[in-house]
Amino acid sequence: MRHTTHPSATACLLIRLRLLRRVLAAAGLGWALAATPAERTLYKSVLTDGRVVYGDAPDPRARSNQKISVEVHPPDAAETEAALRALAMTRQQLLRDAEARAARLRQIERQIVAAYADLQAAEAERESGVAVQQGDRQGRRFSAAYLQRQRTLEASALQLRRSLDALLRERSALL
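Residues in the sequence shown are numbered consecutively from 2, following my numbering.
Hints listed in this document are in silico derivations from the structure and should not be mistaken for laboratory results.
Any given hint could be a false lead.
[What the hints assert, rightly or not] Cut-off 20 angstroms, straight-line C-alpha distance, at most; resulting in silico cross-link-like pairs (DMTMM-like, lysine to aspartate or glutamate):
| no. | residue 1 | residue 2 |
| --- | --- | --- |
| 1 | 68 | 40 |
| 2 | 45 | 57 |
| 3 | 45 | 72 |
| 4 | 68 | 80 |
As the structure is a computational prediction, the values presented were derived from the model and not from experiment.
Could you build all of it, start to finish, from the sequences and the hints given here?
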């Protein structure tokens with residue numbers, strides 16, 4: 002019988018399989034640990050004067066301490082770039098919206114000035130329309146034309162007042 006110091010092919014294969022299993026198990030464990038985000042512990046301390054302080058250790062002078070766990074995520078360049086693009090787009094949209102709102106406010110201000118002038122003129126006309134003129138009376142009573150003129154002037158002033166109020170409400174909503 003021949004005696005060799007080399008293991009048989011089957012034994013080598015078994016040793017290699019065991020080694021491969023251990024390597025795969027270690028790699029899987031490493032991958033699982035790497036996939037789990039690390040946590041960082043912070044402490045929120047409320048001091049006796051009411052101030053709130055955050056730190057790596059609880060403040061011994063604090064009235065109360067609270068432990069806070071924060072997940073630490075490794076930076077992802079593609080995700081960061083996408084977030085920055087989204088932030089820039091949001092900022093541009095907000096700037097466009099603010100400019101549109103400012104333009105509308107300027108327009109409303111001009112309309113308010115014009116509506117106020119129209120209202121002042123309509124109220125002055127209404128006041129002057131109250132004065133009794135030639136032909137406004139039929140005996141001791143006012144004529145239908147006089148009453149109609151009063152209603153028309155009052156309705157005109159009321160419509161202008163409502164228009165001005167609507168503009169003022171819209172301006173207040175935009176501010």
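Okay, the hints, checked on the actual structure:
The hinted pair formed by residue 68 and residue 40 meets the criterion: a straight-line CA distance of about 12 angstroms does not exceed 20 angstroms. Of the supplied pair hints, the one linking residue 45 and residue 57 holds, its CA atoms being roughly 9 angstroms apart against a limit of 20 angstroms. Straight-line distance between C-alpha atoms of residue 45 and residue 72 comes to about 16 angstroms, which keeps the hinted pair within the 20 angstroms bound. For the suggested pair residue 68 and residue 80, the alpha carbons sit about 29 angstroms apart, so the restraint of at most 20 angstroms is broken.
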